[in-house]
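Heads up: the sequence lines are chains A, B, C, D, E and F, in that order.
Numbers given in my numbering equal positions in the first sequence, counted from 1, plus 2.
Numbers given in my numbering equal positions in the second sequence, counted from 1, plus 2.
Numbers given in my numbering equal positions in the third sequence, counted from 1, plus 2.
Numbers given in my numbering equal positions in the fourth sequence, counted from 1, plus 2.
Numbers given in my numbering equal positions in the fifth sequence, counted from 1, plus 2.
Numbers given in my numbering equal positions in the sixth sequence, counted from 1, plus 2.
The hints are simulated quantities; they were obtained by calculation from the structure and are not laboratory data.
Keep in mind the model is a prediction, meaning the values are calculated, not measured.
Take the hints with a grain of salt, since some may be wrong.
Since the list can't tell identical chains apart, any single copy or any two copies may satisfy a pair.
Claimed, not checked - Below, in silico cross-link-like pairs of lysine to any residue (SDA-like), each with a Cα-Cα straight-line distance of 20 Å or less:
#  : residue 1 : residue 2
1  : 231       : 65
2  : 231       : 118
3  : 231       : 148
4  : 155       : 165
5  : 231       : 221
6  : 231       : 185
7  : 231       : 31
8  : 231       : 117
9  : 231       : 144
10 : 155       : 83
11 : 155       : 191
12 : 231       : 33
13 : 231       : 44
14 : 231       : 13
15 : 231       : 15
16 : 155       : 4
These are the residues of each chain, in order.
There are 6 protein chains.
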Amino acid sequence: MRIKVINPNTTESMTRLIEVSARAAVSPGTDLVAVHPTMGPASIESAYDEALSVPGLLTEIVQGEPADGYVIACFGDPGLDAAREVAPGPVVGIAEAAMRTASYLGHSFTIVTTLARTIGRAAELVDRYGVDGYCRNIRACEIPVLELETDPKARERILAECEAAIAADGAEVIVLGCAGMADLCADLTARLGAPVIDGVAAGVTVVEGLVRLNLSTSRTGTYARPPAKSYTGALSAFGLP
Amino acid sequence: MRIKVINPNTTESMTRLIEVSARAAVSPGTDLVAVHPTMGPASIESAYDEALSVPGLLTEIVQGEPADGYVIACFGDPGLDAAREVAPGPVVGIAEAAMRTASYLGHSFTIVTTLARTIGRAAELVDRYGVDGYCRNIRACEIPVLELETDPKARERILAECEAAIAADGAEVIVLGCAGMADLCADLTARLGAPVIDGVAAGVTVVEGLVRLNLSTSRTGTYARPPAKSYTGALSAFGLP
Amino acid sequence: MRIKVINPNTTESMTRLIEVSARAAVSPGTDLVAVHPTMGPASIESAYDEALSVPGLLTEIVQGEPADGYVIACFGDPGLDAAREVAPGPVVGIAEAAMRTASYLGHSFTIVTTLARTIGRAAELVDRYGVDGYCRNIRACEIPVLELETDPKARERILAECEAAIAADGAEVIVLGCAGMADLCADLTARLGAPVIDGVAAGVTVVEGLVRLNLSTSRTGTYARPPAKSYTGALSAFGLP
Amino acid sequence: MRIKVINPNTTESMTRLIEVSARAAVSPGTDLVAVHPTMGPASIESAYDEALSVPGLLTEIVQGEPADGYVIACFGDPGLDAAREVAPGPVVGIAEAAMRTASYLGHSFTIVTTLARTIGRAAELVDRYGVDGYCRNIRACEIPVLELETDPKARERILAECEAAIAADGAEVIVLGCAGMADLCADLTARLGAPVIDGVAAGVTVVEGLVRLNLSTSRTGTYARPPAKSYTGALSAFGLP
Amino acid sequence: MRIKVINPNTTESMTRLIEVSARAAVSPGTDLVAVHPTMGPASIESAYDEALSVPGLLTEIVQGEPADGYVIACFGDPGLDAAREVAPGPVVGIAEAAMRTASYLGHSFTIVTTLARTIGRAAELVDRYGVDGYCRNIRACEIPVLELETDPKARERILAECEAAIAADGAEVIVLGCAGMADLCADLTARLGAPVIDGVAAGVTVVEGLVRLNLSTSRTGTYARPPAKSYTGALSAFGLP
Amino acid sequence: MRIKVINPNTTESMTRLIEVSARAAVSPGTDLVAVHPTMGPASIESAYDEALSVPGLLTEIVQGEPADGYVIACFGDPGLDAAREVAPGPVVGIAEAAMRTASYLGHSFTIVTTLARTIGRAAELVDRYGVDGYCRNIRACEIPVLELETDPKARERILAECEAAIAADGAEVIVLGCAGMADLCADLTARLGAPVIDGVAAGVTVVEGLVRLNLSTSRTGTYARPPAKSYTGALSAFGLP
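Using the sequences and the hints given, assemble the complete structure.
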C-alpha cells in the first residue's frame, strides 16, 4: 500500500516535517511518500493562497505517480473536492480527519491555529463537516506558518492556548490547526494530560484504514470523474482525457 | 461607477450572454464590463473545473483594470473568498445574490441547475449562506452548460423542472442555477406566474447597491489583505506586493 | 419608480430622520416617500408596541397611495408578512435587509441596538433569516429609541458598543439595530474602519433593486392575497374586497 | 383558579366550540372562561388576518377581567409575545402547547391544518419552538376555518390527511392545526389508533399546570412589562400606565 | 388517577425528598407514589451510573403495580425510551419536562446542575429535546448529589450560580438540574425574582395533564412494544411475554 | 495491540459472524478478540433491549481481560458513553464509525437497517454525531436481526433497499445499519458500484488507528472515571473501586 501525503505549499522544510509525522503514523509495510507542488505559494495563510495552491496540488495527483490513498496536509483542506474527483483512491484532508478523530475521544474540542485571519476558514470547515456540536472554540497563537519552526516562543504560545482551551473553553480534546505543528503533538499531549490531535497523523491513519477496507470515493454522484473538456492558457495541461 | 462581471470560464459566447443580462440590470450611468479569463476551463461542471477556474478569475481582479465592484458569474461562486481578499471593492457571487434575493420574495425556493453532479456544490452553498430554511429542492435538467445555448430542448426541459418545483416542492420562487440560463429568466417568469431569479442580474444589482452605499469588504478579519509572500512556478506572477 | 418608506411609529421627527437616510440611498430619478401611520405607538420598544404598530402600518399600504416597492423602517420588521400579502409591490424589512447586506461584506456581524429588552426579538429575526452563522452578538446601548436624537451621550455609547463588537466579538461588520440610528452610520464607519450598516439605506437599496429587476412577492403560496372576509369593530375598515 | 381562553377571531360559534373542548380539559374546580374580541377578523387565514386579530386579543387581556392564566386559541399563536408582556399570569399558545405535548408521546408528529396558505406560518412556529426534529410534515385539508363546522366532508378529509400522515410521513402523533378542529379529536384518536392532539385542550392543561406550580412569565428580560408611552388614533386606548 | 414517580437511584432519603415535591404538585384526588429500585447505584453522576440505574428502573415499571402515568426523577432522563416502550401509560423525564416548561415562561434558560462532569449529558438532552435555542448555559455548583442534603453551603452555592445565570448569561428562567434540588425551588424563586423550575414538580404536572387528556405513548412507530425475546443471565427475568 | 470487539447481544453465531468481519479488517499482528456478554437479550431491536444489553456489555469491559481498544458491535451504539468512562483504552461504536467513515467517501449516505422500529434510534445517532447533512434516508428491510442469517430472501431485500437508496435518495454511499449484515458488505459493493460500509470493519479500523496514534478517551471532562460508589442488588458487583 502506498500513501501520498501532499503538502500544498512549496516549502521543502515543511514537507520534511510533515513526512516525519506521517511516517510515524503508518503501519509497517506501508509505503509513505511526502511531496509538495512545484508551483504555488510558500505558505497558506489566506483564501488567496489557498486558491492558488490548488493547481499545484492537483498536478501532484493527476500527473504524479499514482498512490492507493492521498492526504492533503494543510488545515484548510484546499482542493479536497477536486482531488476526490480525479484521484484514483480515497483522499482525506487533515482538518476533517483531525476533527472527526477528536469526536471519538471527547464531547468537545478546541482548534489551536496560527493566524486569527484563518479562523473564518476553520469555522467554515467545522460547519461543513458537521462537528459544530463538538467544537468549542478556535484559537489563534498569531505565529505565521513558516515561523512555527523558527520562532523560539512558538511552543510556549501554543501550549498557552491549549491550556486556555481546556480551562476556559472546557475543551476535552485539542486539535492542532496547522500541518506545521505536527512535531509538537507528543510533547503537548504529555504536558496537557489531554488528547492532542495532529491532523497529519490522523489523516494518514484514516486513509490507510480506507484503503485497507477497500473503500474509495463514490463515483455515483458529486465525485464522479469530471467531464472531459479543454483548458486554455497556463493551465492547458490540466485537460483530462 | 464601474461594475466588472467576470465569467470564470473561458467561453466568449457565454460571456456575451452574461453581459446582456448584466447590462439590462444596471442603472443608467453605470459602466458595466463583462470579461473572462485567458486561462482555465471552457465551462465549469465539476469541483476540478471550479478549482482551476480560480487563478484566471483572480488575474482579472489583481491584474485587470480596477472596478468599483465585482460579480463572479458562475453559480458555484468559485474563488469568492479569495476575490474578496484582493479586490479593491465589494465582490458578490451570483449564487449568494440569487438565493438571498429569493428570500425577500417568498417563504421557499427551488434551484434549477444543469447537471445533477453539481447539486452537491449547490447544496453546500445553500448551507453556507444560511438559506437552508428557504431551499426546498435542487433540480437538475441534465443539460451541460455549453449546450444551454444550442440544445433546442433546453428551454422546455428547464420549464418542466420549474413547474415541478412549484407543484411538487411547493417552491414559491425559482432560482436559476447557472449563469448560462440568464437569458431565459423573463420568459420563464411570464410562463410560470412566479418570480424567477437570474443570479447575474441579481448579483449586478446587489453589488451596485453596495457601491452606492459606499460599503465594501471588511478588512478587520477574515478578508484582510493576504500577507505578502512568494509564489513559484507557473503561478509566480500572483505574488502580491 | 416610487419607493415608500414606512416608519411604523407615529413620531414625525423620526420619520424625517429616516427620510434623510433613505433619500441619500436611492438612485437619481427614484421618487422616495417617507410616511408614518396616524395610529399606533410613539416608539416601538416591546412586542406590545410592535403588535399595535401593525394596523397603522397596514393602513399606509392598503389605503395610502400605491408605490412600486415598500420598506418597513423598524428593526423588528413588524407586520412584514402581512404587508407582503397586501402590498402591490415587493416589501423589505430593514432588519432583513441589513443582515443580508452584512453577509456580503464579512464572515460575521454584531447588531448594536437600543434597549436590552429588544434583544430577544432581534435574535428571533437572526434565526428566521438564517443568518445565525454570521451573527456574533447583539449588544444594547440602553438608550430608548426617542432619546437617540436628544441624548448627548448616545453617539459615544453606540460607538463604544461597536468597538467592543469588533474587539471582543470578532465582528467584521456592524449592523445598526434601530432606524433611529440611521444618521450615525457614516460617522461610525469612518471612526471604526469597518463597514457599518444602516438598515434604512440597505432596505431602500434592496427594494429598489427588486423593482428594477421586475421582481415582486410570489403569490403562489404563503403570500397569496388574503381571502376576503369581514372585519368588525374599530378595525372594520380593514376588510379587503 | 381562573383560566381565560381567548379565541382571537370574532366568530361566536367557534368560541363556543373551543369552550366545550377547553371545559372538558380543566380540572374540577377551575373556573374556565372562553371569550373573543369585539374587533378583528371573522376568521384567521392569513398573516394579514393574524396581525389584525392582535389588538382585539390584547384588549381581552389588558381591559377584560383578569385571570390566573391565558390560552390563545388560534394555531398561529398570534400576539403571544405581546400578550406575555402585559398579562398578569402565564400565557400559552395552542400551537406551542400542542407541539410540545406531542413530543412527550412519540418521535415524530405531522400537523394537519386547514388551508395550504397557512403552512408557511406553521413551519415558522415549528422552527421557533425547536420542534423541527419532531415535525415530519404539515398537511392541509383545504377547508376554510369557518367551513370546518358546516362542510359535511370536513371530517373525512381531515381523517384522510391523518391516515396519510401515519402511513406516508411515518408520523407517530397527529397535531390538529386549527382550534376549530377541537371537537374532532376524540373521534380521530379512536379511528387512527394513534394520539391526536387538540391544541385547545393541550393549552388549557399546560397553563393550568403552570398556575398550579405558581410559575409565570419571567420579567427579567424580553417579557418585562412594556415601557409606558402614548398611543394615538384608533389605538389610543392601548396606552399602558 | 395514579402517578408513579421513580427515583432511579437507590437512596431512600432522596426518594422521600422527591416525594414531597411531587405530592405538592399533583391535583387533589390524584394518587401519588414515589419509589426507587432495589438494584442499582446510590446516586447517578456518570454515564456508567446512569446505564446501570436503568434495569432497576424498568423493574419498577414492568414488575411493579401499574400506574396511569410515570415520571423518571433523574435529570439525565435515564431509560426514558425503554420505559416508554413498556409502560402502560405515558412516561415523562424530569429534564424534558423542566426544559419544555421553561420555554413557556421566557426566551432563555440556564440549567444549574451538580457536578461539571454531567454537563455533557445535559447538553445532549438540550439538543435532543430541541431547546438549544432557549438554553444559554449549563452551570455546575460542584456539589455531589448526595451532599445536596447535607452540605451546609449547598444552598448558597446554588443561589450564586442562579444569580450568575441571570446576570451573566441573560437567562430569563432557571432550570434546576437535579431531582435532589427539588426542595430548594420555592426559596430560590423568592430570592431571585425569576421563575425557577424543579423538574420533579414539572414532570408530575405534565404527566398528570397527559393522563387527564387521555393521551399516551404512540404505539405506531419507535415506541411500539418490544418484540418478545429471551433474556439470559442475571437479567433473565426481564423477558417480556 | 489487542482489540476487543463486543457483540452486546448474547447470540453466539452472531458474535462469530462479527468476528470474521473484524478479523478481516485488522492489520497483521493485531490480536483481535470477539466476545458477547453472559447476560442480556438475544438480539437488540428496541430501546428496552438496548438498555438491558448494557450491564452485560460493561461487564466485558470492567471485568474481562483488558484490551488496547474496544468496539461496540451493535448499530445503536449501546452504552458507548458508559464504556468510555470505564475502559482503559478508546471505545468506538459501529454506528459512529460507519457514519463518519462514509463522510470521507461521498456527499451523502443512506442507512439500510433491519426493522422500521429502530429508525428512530438511528436518526437520533445521526443527529448526535453531526452527520445529518450527509444522511439522506434511513431505510428498513423489515427482517429481524436473527433472521438475517437464515432468511433466504434477506440478501435480495437488502440489495433492493440499497438500490433504492442510490436511485431515489441520491445516496452516494450505503451504511449497513446492523452488525449482522457485516458479511454482506463485499457482495453488495460489487453489485451496487458504490461504497458500502460495514460498521464492524469500520469500527475496528478506527479504533486500531486511535491505538496506533496513542490516542485515548479524554479524562478531563465528561469521560472522567466515574466517582466510586456502592451498587446494590443484582448489580452490586458493578461498584468501581
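Hints, verified against the model:
no.: 1; hint: 231 - 65; verdict: within (17 Å within a copy, 26 Å between copies)
no.: 2; hint: 231 - 118; verdict: between (39 Å within a copy, 18 Å between copies)
no.: 3; hint: 231 - 148; verdict: between (37 Å within a copy, 11 Å between copies)
no.: 4; hint: 155 - 165; verdict: within (16 Å within a copy, 30 Å between copies)
no.: 5; hint: 231 - 221; verdict: within (19 Å within a copy, 37 Å between copies)
no.: 6; hint: 231 - 185; verdict: neither (42 Å within a copy, 24 Å between copies)
no.: 7; hint: 231 - 31; verdict: neither (39 Å within a copy, 39 Å between copies)
no.: 8; hint: 231 - 117; verdict: between (38 Å within a copy, 15 Å between copies)
no.: 9; hint: 231 - 144; verdict: between (42 Å within a copy, 17 Å between copies)
no.: 10; hint: 155 - 83; verdict: neither (36 Å within a copy, 31 Å between copies)
no.: 11; hint: 155 - 191; verdict: within (18 Å within a copy, 37 Å between copies)
no.: 12; hint: 231 - 33; verdict: neither (34 Å within a copy, 33 Å between copies)
no.: 13; hint: 231 - 44; verdict: between (30 Å within a copy, 7 Å between copies)
no.: 14; hint: 231 - 13; verdict: between (32 Å within a copy, 12 Å between copies)
no.: 15; hint: 231 - 15; verdict: between (36 Å within a copy, 16 Å between copies)
no.: 16; hint: 155 - 4; verdict: neither (37 Å within a copy, 40 Å between copies)
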